[in-house]
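Asker: Sequence:
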Amino acid sequence: MKLIMVGPIPPPIGGISVHIQRLADELQKHNVECVIYNESNVADQQRHVVAMGSYKKFVLQIPFIRGDLFHFHTIDPRLRMLLGCYKLLGKKIMLTVHGESLSQQLEHAGRLRRKLLLASLKRIDYIVCVNEATTRLLLNLGFRQDRVGTIPAYIHPNERGGGQWPLPAEVSKFIDTDEFIICANGFVRLFQDHDLYGIDLLIEMMRGLTDNGIPARLLFALLGAAEQSPEERKYYEAIKRRIAAYGLTERFYFYEVKDTEFWPILQKSRLFIRPTSMDGYGVSVAEALHCQIPAVASDVCKRPDGTLLFKSRDLEELTETVRRVIRNYESFKQSASKAMPKDYASDLIAVYNRISGPKPIESKVMSRVNR
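Each residue of the sequence shown is one higher than the last, beginning at 3 in our numbering.
Since the hints were derived computationally from the structure, they do not count as laboratory data.
Heads up, the beta-carbon is just placed ideally off N, CA and C, and yes, glycines get one too.
Be aware that one or more of the hints could be misleading.
[Unchecked claim] Simulated restraints, written as ranges between beta carbons of each label pair:
| no. | residue 1 | residue 2 | range |
| --- | --- | --- | --- |
| 1 | D46 | L311 | 38 to 46 Å |
| 2 | Q147 | E172 | 43 to 51 Å |
| 3 | G215 | G55 | 55 to 63 Å |
| 4 | Q47 | D349 | 25 to 33 Å |
| 5 | S333 | F193 | 29 to 37 Å |
Based on the sequences and whatever the hints tell you, model everything.
Answerer: Given below as structure tokens:
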């Protein structure tokens, strides 16, 4: 089977790009032909990565690209509206909907644009939603049950390749300490008047811990800093001023991620926090548990088994949960080490096999990804 994937791969590091890289690496280990058309426009012949170029040129090329199955990860609504056309040309098409991208596009689209988008997506072979809410939305909109399903985007990291993404010296300096290291990650993003990734909660939590004499540090791996909107940049500068006003400059550090995966930071941390006000699963929660460190997360969605939950936007409950972890760390660490977050590569491979037809991926792949 020849698989064509469309989406970004690192660099830069991001949730979608890391997911595609891990999935492609898993397939490549087992001699499955996989070609990636890279939205980041960087080519790598050795890894079978082709620079996409402009969307305008790429959409015209797709009918002439040969492959048994096309798996799109793009969030661009223009390309999503064309997927049904490629199905009419005989292509086998599947789409992964990452995050809330599709629900947001449907909510804000005009009547005609919404109709075209839904008509296109109803024609394709399968839609993978990384969260159950998007699956329910599509089923309620009349999508066929056998063409929509929920598969979280988590795939175990390839820890043997850690040298590919070394930690910068300033990050190592901040976290190589005897103090209690907490980490978190995400974007600077506002949604319905809330800090979507809960950075404001983390700042207030760290203020409370510091005021009570608890020696902790927090590293926030910030994604997409270079692409912030003017509103986001303004908010980012405001929260940095708040950190300084609270006297937390030495205890709260923003690492603006460029080319570092998150799991090496997790391995040097003692606790991970995911205080999002809206989420689909939280791949980094599973990654933390895979690295055998406790993970605290908001209760806004289904989380991996073993996650310590707190009520969304409840600063008091978040802070108390973190205090309990710090006070009884060895017990929580032991519990985290017993958690076994699922690697979802096998679920995606099962979909590939069902759609692609008579040349299924060898069963050894299935046994490998389930270990």
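Asker: Hint by hint, say whether it matches the structure.
Answerer: Now for the hints, and whether the structure bears them out:
no.: 1; hint: D46 <-> L311: 38 to 46 Å; result: holds (40 Å)
no.: 2; hint: Q147 <-> E172: 43 to 51 Å; result: holds (50 Å)
no.: 3; hint: G215 <-> G55: 55 to 63 Å; result: holds (56 Å)
no.: 4; hint: Q47 <-> D349: 25 to 33 Å; result: holds (30 Å)
no.: 5; hint: S333 <-> F193: 29 to 37 Å; result: holds (35 Å)
Checked against the numbered hints listed earlier, the structure breaks none of them; every hint is satisfied.
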